[in-house]
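Engineer: Here are the chains, one letter per residue:
There are 2 protein chains.
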Amino acid sequence: MTTTTIDTRVLPSYVQGSWWEPRTGTPTRDASTGEVLALVSSEGLDLKGTVEYARTVGQASLGELTFHQRALRLKALATYLNALKEDLYAVSDRTGATRRDSLVDVDGGIGVLFTYSSKGRRELPNTQIIVDGDVENLAKDNSFGGQHVYQRLPGVAFQVNAFNFPVWGMLEKFAPAFLAGVPSIVKPATPTAFLTEAAVRIMVESGLLPDGSLQLVCGSVRGFLDDLDLRDAVGFTGAASTALALAGHPGVLSSGVRLTTETDSLNAAILGPDVDPDADPESPEFTAFVASIVTEMTSKAGQKCTAIRRVIVPVGMVDAVVAAVGARLDARVVIGDPRAEGVTMGPLASVDQRDEVRRAIDALTRGGGRIAYGSLDDPEVRQADGTVEVSRGGAFLSPVLLRFDDADSDAVHQIEAFGPVASVIGYRDIADAVRLANRGGGSLVATVASHDPAAVAALVSGIAPFHGRVLVLDRDDAKTSTGHGSPVPHLIHGGPGRAGGGEELGGIRSVKHYMRRIAIQGTPAVLTTLTGRWRAGAPKELGAEHPFRKPLSKLRIGDGIVSVEREITLDDISHFAEFTGDTFYAHTDEEAAAANPFFPGRVAHGYLLLAWAAGLFVDPDPGPVLANYGLENLRFLTPVSPGDSVHVALTAKEITPRETEDYGEVRWDAVLYNQREEAVATYDVLTLVAKEGPSNAL
Amino acid sequence: MTTTTIDTRVLPSYVQGSWWEPRTGTPTRDASTGEVLALVSSEGLDLKGTVEYARTVGQASLGELTFHQRALRLKALATYLNALKEDLYAVSDRTGATRRDSLVDVDGGIGVLFTYSSKGRRELPNTQIIVDGDVENLAKDNSFGGQHVYQRLPGVAFQVNAFNFPVWGMLEKFAPAFLAGVPSIVKPATPTAFLTEAAVRIMVESGLLPDGSLQLVCGSVRGFLDDLDLRDAVGFTGAASTALALAGHPGVLSSGVRLTTETDSLNAAILGPDVDPDADPESPEFTAFVASIVTEMTSKAGQKCTAIRRVIVPVGMVDAVVAAVGARLDARVVIGDPRAEGVTMGPLASVDQRDEVRRAIDALTRGGGRIAYGSLDDPEVRQADGTVEVSRGGAFLSPVLLRFDDADSDAVHQIEAFGPVASVIGYRDIADAVRLANRGGGSLVATVASHDPAAVAALVSGIAPFHGRVLVLDRDDAKTSTGHGSPVPHLIHGGPGRAGGGEELGGIRSVKHYMRRIAIQGTPAVLTTLTGRWRAGAPKELGAEHPFRKPLSKLRIGDGIVSVEREITLDDISHFAEFTGDTFYAHTDEEAAAANPFFPGRVAHGYLLLAWAAGLFVDPDPGPVLANYGLENLRFLTPVSPGDSVHVALTAKEITPRETEDYGEVRWDAVLYNQREEAVATYDVLTLVAKEGPSNAL
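These protein sequence lines are chains A and B, in that order.
Be aware that the first sequence starts at 0, since it is given in numbering that gives the first Met the number 0, and climbs by one per residue.
Be aware that the second sequence starts at 0, since it is given in numbering that gives the first Met the number 0, and climbs by one per residue.
Hints were generated in silico from the structure; no laboratory data involved.
Be a bit skeptical, because a hint or two may be false.
Identical chains blur together in the list; that is why a pair holds if it fits in one copy or across any two.
[Unchecked claim] Subject to a maximum C-alpha distance of 35 Å in a straight line, what follows is the list of computed DSBU-like cross-link-like pairs (lysine-lysine):
no., residue 1, residue 2
1, K139, K74
2, K84, K139
3, K478, K539
4, K478, K139
5, K84, K478
6, K539, K553
7, K74, K511
8, K139, K511
9, K690, K478
10, K539, K84
11, K84, K553
12, K139, K47
13, K74, K553
14, K74, K47
15, K539, K74
16, K553, K511
17, K553, K47
All figures in this text were calculated on a predicted structure; none of them were measured in a lab.
Chain A with its partners taken away, still in its complex shape (with noise of 0.2 Å):
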């Protein structure tokens, strides 16, 4: 059972191992109704200690898990979190969020821990490192190379998040700094603390978390880039203005502490040229357009800093655009209270945020715009109860369309009003629909919206350097995209310039945000010790038992077999071409191939190659070696002509014990040779091995 933090009077942090309770605090508020719910603050907190217990506690903790323990300890989390997210859910209501927002939150939230696990076990070798490229080899005589890899960093990932996504701003980038391996304190936005530390609850309770992994402090943490240094990153999330005084200190400058930053952005969403509902009262594309427009207005009341902020269209479709947006709204939108029934748009997270957003409105109004829907009064909202009247103690706001006729408006590019609120512009042609876009300074994503191929190049390539995600619209993606608003863990979040210049998930991408590169020089030998990857020139141990007859268990990088030779003649070479229907001249026309520029005459086939190296390699009988699943890099470097001859080594090159499995992958370095000891073909074999052989193989 979970009791969640709605009741108690004070919110508590969660550092060094226990809950920590402050006297008093900052009051927050019920979006809806006005309630009082928590008191916060972080006065008397130990943040000194609470960073040293991450650098020390934390990172022995998370040091002694492999990438792939780590990825199903957030598995597990996940899991956890999702049987208890109806107790999220209640919690949620209270910050303005519909159930829709709520599911963009809590179970967004829970999915970022979902494929991180995923594809920390796929896209991670199990072990503590991640190799970065191939080896370079920098001596003549191979002794000598050079080999990038990813360490993680030292110390800890203090993570500053936005009050619009309490739950889900904290896992993505909790999560990824948990699978490199750095333990995370997180400091979520006061107004909506309590739905945060209801998440940490479930998180400490599950007794999933590594000592130290995690650490959550409630209310402020000013000065805290004073404890932090270049073994430390900073993840930012937030208003431009704070960001731009935590990027000027003194710690950030000059002792190196690593920072990212994710601020404001006035996303555009461009509708192509091509679009036209004049010519097409169907035109999927246009209807597309103006339901993401709606969407992103409405969803989170457009507290999200991917919403759509800037409408950019044709000069002669602003007034189809502005009336059909309107329509929508018209028909779609139902203000209320989050928990009465029928609500599609909640309030805003606070009075306060709903105040400065009505700034923001008549700051746009007094830059050329004009409001062409809505307005700045208090809307009449869905009480709880079910009654409709005019909001009083909640932070209610109605949609507010504005359009400006001079498309270059200052503040149109400029203001961000964080709320439901989009601004329409009109462009003449396709260079001046990138240059606007590219007037926001920098977002974090734009749409376009367009079903011609050529079109869609020139804005993508346009706007792609000032753009951190874009997403291309049409009929063929109207149903299944996954929409404008929404950063998937897979892809990138952040933008350039305005939008902060950080750059959050991507998937494995933001795991070596975490991580430091490095260049590491030296033998093969070393090369291998220091990586777990066999490299060739590293000593080999070809010991009497076939290498295949070892379990994973025994099996050790190094580990390999030099076969006997086999010769290849032409009756070889024709038997093959016959059986397999690869009749290709260069193995059945002497003088044909003699003519091709890469062969001296017939050859073998690559196929037959590669099929008698296994011929050479395989160990027959049952063994702990259950499957050949793939094979990688394959290059045949030598044409090998009827008279040569040919032998195989294979060397255990990487060996990946599943965490879930009786099994693991074992990768084979694989080099074919012919009778003058020439290269003929170098690949990678790719086996499933048992980490424990069957009886008759130990």
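Please build the complex by placing chain B on the supplied structure of chain A, with the hints as guidance.
Structural biologist: Structure of chain B alone, referenced to chain A:
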């Protein structure tokens, strides 16, 4: 015929397509004689216009070239410079560089161009964008996915270089920017700007530089950040104080200029606990370690950001190391004018620089250091005419080795004497050695000299998070190592914290630093259009003509073939086992195969399937397809049992014409299906295809 600038009174800049001369400027002098060589100033230069020229003319001209075309241009530039390098050596003499030093600077710089040319053609596609990672499928019906791509920055690469490598320092930043397609503005350090100018003059005279791709600004660039924004990148090498000022500039903080800095670094060399010259007077690791220290103290007179400043050895080894380094310095070092015969160490770059180093040595002694070798006195030096006397106008200094009894002295870990200076300290155990090395606060490089794998592993993993590069020196690479102090273009150059936090070189890694990563979302058709790589689900062209009959000039991505079906019998499997020798039980023993967790019973060999697939898709007669040179990403997904039938779908996925050959590479997407349309195997087939086929193919 190339003229050098050392005879001119004022040093010109190369901006907006022509040479520009100031009226007067700051005098720069010959390092050995003090003779005035040139006056340097940018007073009156139109810096804003220079930036704008790069963004317009430079972007446009580089935008006409693909990666391979740019790479070939780099090779041509390298070849042109190489032919005229004697001219550069003559100018380089004036900077105080010995011929060996010039090899590092001039030949090293030219080597960077060659390496980037080669890597650009081998590791990048022949297009203008880099596809990053696999497509991420985001819809159950595969109609929507995401793909990351890198696209060049739309602005300028502004490169502020240090005085110590006037040629290499320019080219190591220029090469990756050029390859990315981003124009460079080079600002050399004033004391040695005359050498950079000489190199740029040769490059301009070669006629190989696209308009606006390289501009040179000699003299101050004060305020240059005011003209830059999120379109641009700044690379800075030099003093930490300047880097701090740059990083704190509003342009960097708020408008998103991308800044990479490489600053001070107190690099360490660590002698492993296993190395004991008392026990083994011939210890190859000890000899190599001492030789490295002497090389790094004297090469470029120690004016290298990568030089060894801190020599960290077991406490019991301090005396032995000090003695051995001193003896080797005595034996090897001849100080003098680089133009004199036999000189192995030249002056510092300027008298100012020498005085700064003297002050740093003073500070080190005040911090507890004792001078164990050398002195601050003006040394006797060999003059250009062969006479030996105490230096007069030149910037000479003898090598200085210090020792600290207190290994924890702040001075030794914080004061960088940028000259022929190193300090020796003792450590107690490996953990202590790691701690001391990391007290440098982030360094570019460290050497670990050891032949004990456990010591190497502990030292390298301990110091890795604080270093950009670690070189492991032992008996097996002592002769072939590229050396502690030499960044190689294949590996990253840069370090965290005090070292600036930047990352340069590293092959294609640094090309990406001049590009932006963006996530594109859309249908497979849209992703195919935007990336130039065919995606599963995108349209195919299954025309009447076999795609193997189409030369590269006519082949389009999406061109494909779907083969007929072929049934596989038990006889086929038995026959293949016998012919190839691959008698693995899964193919030969029904009972044993059925006991395997992955197979229903006897199954066809994977290599049989591959070979038959080739037989199904092959076009046997001579034609534009010249060879199958490899295969990638093969996965066997579904076992094939006797009685099953297979057919194959082959689709042109990526087309890479070779600029210097009459053929190119075509990557084909191959999917082998069974009779139930289940994917049996997926892989990429790599072929070489003639640009224009033999006449019988046209």
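Engineer: Compare the structure with the hints numbered earlier in the document and write down the numbers of the violated ones, lowest to highest.
Structural biologist: Result: hints 9, 10, 11, 12, 15 and 17 break, sorted rising.
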